[in-house]
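Undergrad: Chains as they are written, first to last, in this note's numbering: chain Y, 1182 to 1270; chain B, 1182 to 1270.
Fair warning: there could be bad hints in the mix.
For chains that are exact copies, the list does not tell them apart, and a pair is met inside one copy or across any two.
Derived pair list, reagent style BS3-like, types lysine-lysine, alpha-carbon separation capped at 27 Å [stated by the list, open to error]:
{"id": "1", "residue 1": "Lys1206", "residue 2": "Lys1219"}
{"id": "2", "residue 1": "Lys1211", "residue 2": "Lys1239"}
{"id": "3", "residue 1": "Lys1224", "residue 2": "Lys1206"}
Hints listed in this document are in silico derivations from the structure and should not be mistaken for laboratory results. Owing to the predicted nature of the structure, the values given are computational and were not obtained by experimental measurement.
There are 2 protein chains.
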Amino acid sequence: MPNFNAKVQVSLRTSVLDPAGEATKSAANKLGIKGLNKLRIGKAIDIEIEASDFEDAKTQLELLSDRLLANPVIEDWTLEISPVDSSNT
Amino acid sequence: MPNFNAKVQVSLRTSVLDPAGEATKSAANKLGIKGLNKLRIGKAIDIEIEASDFEDAKTQLELLSDRLLANPVIEDWTLEISPVDSSNT
């Protein structure tokens, strides 16, 4: 079965506060980094999955993102899938 | 001063264990998602910064990534910067 690489980006919805991001922004200011207008911390999940085809991989990864990787109440997610060129069966 | 959008991706070095990722992988298996070969959780930081030019933005963001966003002992980071087309001064 072919392998697929996927990247799921999970970010807080804009209406949700990000205290960790705010703390980092204020620490950056103390470090001398000026001009930061926005700093929000999200998750990036790196995945490799074996599936019968692209559609199958997509279905499984969408289920995974919705149910396990993101909290749909406060987070949004985006998914990128690319096939891996493999020489084995 | 021009604005720049930046995205910093922080990921655990491959030699470092990722217990949260392993737990998610095993939960995915119970959910019926088979064929996951890899699942590693990293951070994605969304930034907007005001700087005099691209080089200035890059210098500041590299300092920020090295000192505050990633732990260089166990994490690697990559940086993407793109200018924001703004009509105001």
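Undergrad: Confirm or reject each hint.
TA: Now for the hints, and whether the structure bears them out:
no. : hint              : verdict
1   : Lys1206 / Lys1219 : within (8 Å within a copy, 32 Å between copies)
2   : Lys1211 / Lys1239 : between (43 Å within a copy, 18 Å between copies)
3   : Lys1224 / Lys1206 : both (17 Å within a copy, 16 Å between copies)
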